Each structure stands twice: as structure tokens, then as C-alpha cells.
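Produce the entire structure from the sequences given, and follow the hints as far as they go.
Here our numbering is used: the first residue of the sequence shown is 3, the next is one more, and so on.
Hints listed in this document are in silico derivations from the structure and should not be mistaken for laboratory results.
Be a bit skeptical, because a hint or two may be false.
Pair ranges (Cβ atoms, derived) [what the hints assert, rightly or not]:
1. Ala250 - His197: 16 to 24 Å
2. Lys218 - Lys123: 46 to 54 Å
3. Pro150 - Ser230: 35 to 43 Å
It should be emphasised that the depicted structure is a prediction, and the values quoted were computed from it without experimental measurement.
Glycine residues also receive a C-beta, built at the ideal position from the N, C-alpha and C atoms.
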Amino acid sequence: MPHSNTSAQRPPVYYIGHAGVPLLFGDDEITVTARENLRAIGHEILSLEPRPKAIIAFSGHFEAGEIHGPNTIEGRRGYLTDTWQHDFVGDFHDTHPYVYKYEWDHQDAPKLGNEIWRYLKDKGLKAKRVERGVDHGVWVPFKVMFPPERPLDIPLIQVSTFHGYDLESQIKLGEVFESLREEGYLILGSGMAVHSFPSIEEIKNASTENERVLAKKRVLQETRNFDSFVREAVAENEPVARKNALLALESRHEFKRSHPTVERQELQEKQRLNL
Numbered sequence: 003m004p005h006s007n008t009s010a011q012r013p014p015v016y017y018i019g020h021a022g023v024p025l026l027f028g029d030d031e032i033t034v035t036a037r038e039n040l041r042a043i044g045h046e047i048l049s050l051e052p053r054p055k056a057i058i059a060f061s062g063h064f065e066a067g068e069i070h071g072p073n074t075i076e077g078r079r080g081y082l083t084d085t086w087q088h089d090f091v092g093d094f095h096d097t098h099p100y101v102y103k104y105e106w107d108h109q110d111a112p113k114l115g116n117e118i119w120r121y122l123k124d125k126g127l128k129a130k131r132v133e134r135g136v137d138h139g140v141w142v143p144f145k146v147m148f149p150p151e152r153p154l155d156i157p158l159i160q161v162s163t164f165h166g167y168d169l170e171s172q173i174k175l176g177e178v179f180e181s182l183r184e185e186g187y188l189i190l191g192s193g194m195a196v197h198s199f200p201s202i203e204e205i206k207n208a209s210t211e212n213e214r215v216l217a218k219k220r221v222l223q224e225t226r227n228f229d230s231f232v233r234e235a236v237a238e239n240e241p242v243a244r245k246n247a248l249l250a251l252e253s254r255h256e257f258k259r260s261h262p263t264v265e266r267q268e269l270q271e272k273q274r275l276n277l
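Shown next as C-alpha cells:
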């Protein structure tokens, strides 16, 4: 790895909340406001000095395959040259046919990707390079953040999280990548603090209007609660206290309700043990 920049020159870390493809064209107040905020973040990133060497992006839609086993991450291999690409994964469903013709130009960085791969191997992580397009957890918000008149001209490297929901492992992954900021890499996470389609289904499937109102009230309160818990945890200034506050989220009822993948994986494990 090249010599480190000083800490004062480290690029910041970003976490952005993203939605599905309707984020690109929705005209309701919430969606319009979200687009405005994302554009402001994109403008800020392009204005950073010194300029980031590359953006390392994590998405809630890119998890290492179970086949690799625990403590393994995947990274997009990239193309053989530092060229502009517009490939992405069609990992979304939308009723508007034209969205499947969208393109998003971005710059691959295979040499930097290999550099990071070697760094991770040196840190003792199992790292697999995979052929994969950019998922909608990246290209949808980035398409808003970096419009045609102000395109992203910083190389992009997408890396997976570990397979599964073990929060401590994911935090350790972040700790490994922390030192890459000293090398000029900008770290960006994309996802949602709350992502519960089953909760939405509970509201839709209510048999009476009164049940629907009660279900909506319950879901909204759970959402507000968990969002507040996350904000309080990440606002802890002392690193150990912040880590402990994040790990404590797993024990909360709202954690599973906000991330149904967790509950589903626990159920699958119980079923496996009962076989």
C-alpha cells in the first residue's frame, strides 16, 4: 500500500439511506426531499479536498455468498482497464418498463480493487473477487447524487458485507477498512436503518379499517423507536461506548422487526437443528 495521508486529510465516512427505483422519478414530498438531500451529498463529495482516491461502497444488497462460509467478503473484480462502465444488477422490481433501460456510467478501478484485495488478505480476511454488476443500493442513489451535469469522476469499488446478520462481525469489518481512509479512500455505506416489508404487509392484510389503523400505528412506532436507538448509538463519541451501543441493538425487539432477514435466518437455523 502507498504511504498514508495524514489523519487531517482522511476522507469522511458517509452513510446514505436509499430507496428503490421510484427514488429517481417519484414526485411526492418525501421522495423529492430525499433527492435534494442526496444531490447535496453528491456535491459535497465532489468538492472534497484532497480528492478521494476511490469510493469504497457497501450496500445492504451485496452480501457475501453463504457458499464461502463465515468471515468471507466479496469484491467486484472490475474490468481490465480503468474505463467507464454502465453495468448494474437488475435486482429490483418495478412496474414501469422504461426503468429497465436505465444506464448509470461509472468508472471501474480494477488495479485499486486488487490493491484492496491484497490488503484484506494481509489482514487475515477471506476475500473473493467476483464478476458482478453494481446493485440498486448503489446505482440508484448515485444516479441522483451525481447527475449528468455533475457526473461521478471518482473510481468506484463495491465490496460486500459478511454473510448473515452477526453485528459484531460487521463492525469488525468496518474496523478493518478504517485504516484505508488513511490511504485516501472514501468509505460509503448504503441502506436503510429500517427495512421491513413484512410490516407493510401486516398493514395491507388487516381485515378491518380499525385493525389497519392499529397495525400502521404499531409499525410506525417501532420504526421511530429503532431509528432513535440507532441515532443514539452512532452519536456516542467514545469508540468502545459506540460499539457497545451498536451491539446492544441486537437484543431489542425492534431490531428483528426492522430487519426481518434476521428473524427469517433464525427460523431457518431452528428448523435445521430440528431435522
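Structure-based check of all given hints:
1. For Ala250 and His197, the Cβ-Cβ distance of about 20 Å falls inside the hinted range of 16 to 24 Å, so the restraint holds.
2. Separation of Lys218 from Lys123 is about 48 Å and conforms to the stated range, judged on CB atoms against 46 to 54 Å.
3. At roughly 38 Å, the beta carbons of Pro150 and Ser230 sit within the given window of 35 to 43 Å.
Of the hints listed earlier, there is not a single one the structure fails to meet.
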